[in-house]
Amino acid sequence: MAEVVLSGLSRSYGAVQALKDVSMTIPDGSFVVLLGPTGAGKTTTLRLIAGLDRPDAGDIRIGGASVLSDTPAMRDVAMVFQQYSLYPHMTVRDNLAFPLRSPMIAMPEDRIAARVAEVAEVLRIPHKLDNKATALSGGEMQRVSIGRALVRNPRIYLMDEPLSSLDAKLRADLRIELKRIHADLGATFLYVTHDQIEAMTMATHVGVLDQGRLVQFGTPREIYESPVSTYVASRLGQPRITLLPADAFGPGAPPGAVQMGLRPEHIALGEGQAATVGRVEHLGDQTRLHLSLGPHQIVTLADPHTRLAPGDTVQIRPQTPLWFDAAGNRLQGGPA
Amino acid sequence: MSAWSVTEPSKLSKWAAGLLVTFYTIVTLLPLVWIISTGFKSGPDSISYPPKVLFEPSLEGYVNLFTTRTRLGAEEFAALPPPETWYDRIVRGSGMVIAGPSRFGERFLNSVIIGFSSTALSIFLGTLAAYAFSRFKVPLKDDLLFFILSTRMMPPIAVAIPIYLMYRELGLSDTHLGMILLYTAVNISLAVWLLKGFIDEIPREYEEAALIDGYTRFQAFRKVVLPQAATGIASTAIFCLIFAWNEYAFAVLLTSGNAQTAPPFIPTIIGVGGQDWPAVAAGATVFLLPVMVFTILLRKHLLRGITFGAVRK
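Same order as they appear, the protein sequences are chains D and Z. Heads up: the first sequence at position 101 corresponds to 101 in UniProt numbering, and the numbers run straight through without jumps. Heads up: the second sequence at position 156 corresponds to 156 in UniProt numbering, and the numbers run straight through without jumps.
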């Protein structure tokens, strides 16, 4: 395990600049989640660290030493790909043993067998070990490809949306399993996801990428509670943050504020201005209210057993909302 | 189980397809059956008219293929000790004795050496070149690929004279090495193009995974790319072997006493003691065997087809 430091990383593919001057420190033993829409540079970051691509500029240091001139094998990193996860001509067992048989590790066969069995147990695939990799379901394939990373003890685990193809139950189980591995081994993770729950529950740090730039890096709480921009604020939160003109509730906005951001906890129900209930979504653990306040649409949460129905009127009042300027950047030090 | 389905062909079309395939198979195999049966006919049976479909099988053709024979005078013939072996007996039956082995064995061995060596060399060089063309930024890649293909654009015989002169200067004419190099040069364009297609189909992600798993690029090539290219390599090898095995024009021109292959030799059998069609047919039959065996051995890889792709989409 080791600290990974990225400094000033840039990379273009043809005319497309995938990464622009990204600097980030992934502390030893941390679990860093990268958030951002498709094309934000998340996968590029992983590929540069793994050594599959070279940066145009900048440096990557793992454990204090620059790895720019090292081959992927020498960097001692493990990676779970989003696609093409398994070697199709090998059995599941050989897939899992493949990294351990590499000249870099060259583990004796009896220890490989023990290690493979252990990891298969964790991923609940011991009965599939002698299957051809192509004879598995999508979820099983993905578990094997996570397993191929977990058999090793690399300096950093790089994972590119590893749970995205799994069903909800397995996803929840593996999330806990990965978190346990992180806690037990003190392993360092750099993890790409679109999934808010994965980001909030597993991460010790979250990095938000926007068109190749790292726009905010901090703990999940910081990212959620004090986003630097509307872009970051929209990354986390279910339902998504509601953005309204700063004067939607009348005067009171700090100078320079153009937009106000309202998460459900920023909306007090039962007092203030009247809004019409448009739709009520019972999701089981939460109930979402779609409200109309004049021309504006607002999504917030209600008590799961609410009796509100479409057409009803509720009073709402903003409570310490987030304020943003014309460029979408958050106003710091505004009235809290 | 429905009466009409988009994916399941109707009974009628299945029958029609079956009939068509059967008809095609018969048309294709008929000459082959004729050659094989002629090989087991006696000399008179082989040229009888109307042709004999049912006949008494004879090994005369095969004996004649592998031996040279002489005709003796009547007294000398009568003075011979009784025939010792079954093939002695067959030859005596037509009033001759065996003078020695023919050169067919040697020619056949030459074909095996030259055919399989050039195939192996074409596949070895072709796979490496195809991998490089498929994966790396090669300057002028498209032009190079076109150039390689263009070596196929004229009939080989058009360059026969220059090659003949070059080979004479270099001391390569009538040598095994010369023929192996020549057939490799002709086959390599086919090998590169076919194999590049197959390797292009193998996603790079597999090699990238292997690189991260601790392997060098060459090891990743050997352990991850090669096994997945097996289907393509097998079919390419069959094409290369068939070309090298059947090649006639260069073999006639460039080989004679030492490195002559079977194709130019087989027609010369006709000249030995009249028109010996059974021996020619026997030679053609024996000549077919190695390619048949090779194809059957590699069939497993061909049939494995494109079931590849542990792909998650």
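Among these hints, one or two may not hold up.
Chain D is nowhere near these chain Z residues, computed Cβ spacing over 10 Å in every case [as the list claims (entries may be wrong)]:
1) PRO81
2) LEU211
3) ILE212
4) VAL224
5) GLN228
Quick list of in silico lysine-lysine cross-link-like pairs, BS3-like style, CA-CA up to 25 Å [to be verified]:
6) Z:LYS141 <-> Z:LYS52
7) D:LYS169 <-> D:LYS179
8) D:LYS132 <-> Z:LYS223
9) D:LYS132 <-> Z:LYS300
10) Z:LYS137 <-> Z:LYS11
If you want a taste of the chain D side facing chain Z, the calculated C-beta under 7 Å gives, among others [as the list claims (entries may be wrong)]:
11) ALA50
12) LEU52
13) SER69
14) PRO72
15) TYR87
16) PHE98
17) PRO99
18) SER102
19) PRO108
20) LEU269
Honestly, the hints are just simulated from the structure, not real lab data. Since the model is a prediction, treat every value here as computed from it, not as a measurement. Every residue, glycine too, gets a C-beta built ideally from N, C-alpha and C.
Hints versus structure:
{"no.": "1", "hint": "PRO81", "verdict": "holds (63 Å)"}
{"no.": "2", "hint": "LEU211", "verdict": "violated (4 Å)"}
{"no.": "3", "hint": "ILE212", "verdict": "violated (5 Å)"}
{"no.": "4", "hint": "VAL224", "verdict": "violated (6 Å)"}
{"no.": "5", "hint": "GLN228", "verdict": "violated (6 Å)"}
{"no.": "6", "hint": "Z:LYS141 <-> Z:LYS52", "verdict": "violated (58 Å)"}
{"no.": "7", "hint": "D:LYS169 <-> D:LYS179", "verdict": "holds (16 Å)"}
{"no.": "8", "hint": "D:LYS132 <-> Z:LYS223", "verdict": "holds (16 Å)"}
{"no.": "9", "hint": "D:LYS132 <-> Z:LYS300", "verdict": "holds (17 Å)"}
{"no.": "10", "hint": "Z:LYS137 <-> Z:LYS11", "verdict": "violated (51 Å)"}
{"no.": "11", "hint": "ALA50", "verdict": "holds (5 Å)"}
{"no.": "12", "hint": "LEU52", "verdict": "holds (5 Å)"}
{"no.": "13", "hint": "SER69", "verdict": "violated (15 Å)"}
{"no.": "14", "hint": "PRO72", "verdict": "holds (4 Å)"}
{"no.": "15", "hint": "TYR87", "verdict": "holds (6 Å)"}
{"no.": "16", "hint": "PHE98", "verdict": "holds (6 Å)"}
{"no.": "17", "hint": "PRO99", "verdict": "holds (4 Å)"}
{"no.": "18", "hint": "SER102", "verdict": "holds (3 Å)"}
{"no.": "19", "hint": "PRO108", "verdict": "violated (16 Å)"}
{"no.": "20", "hint": "LEU269", "verdict": "violated (43 Å)"}
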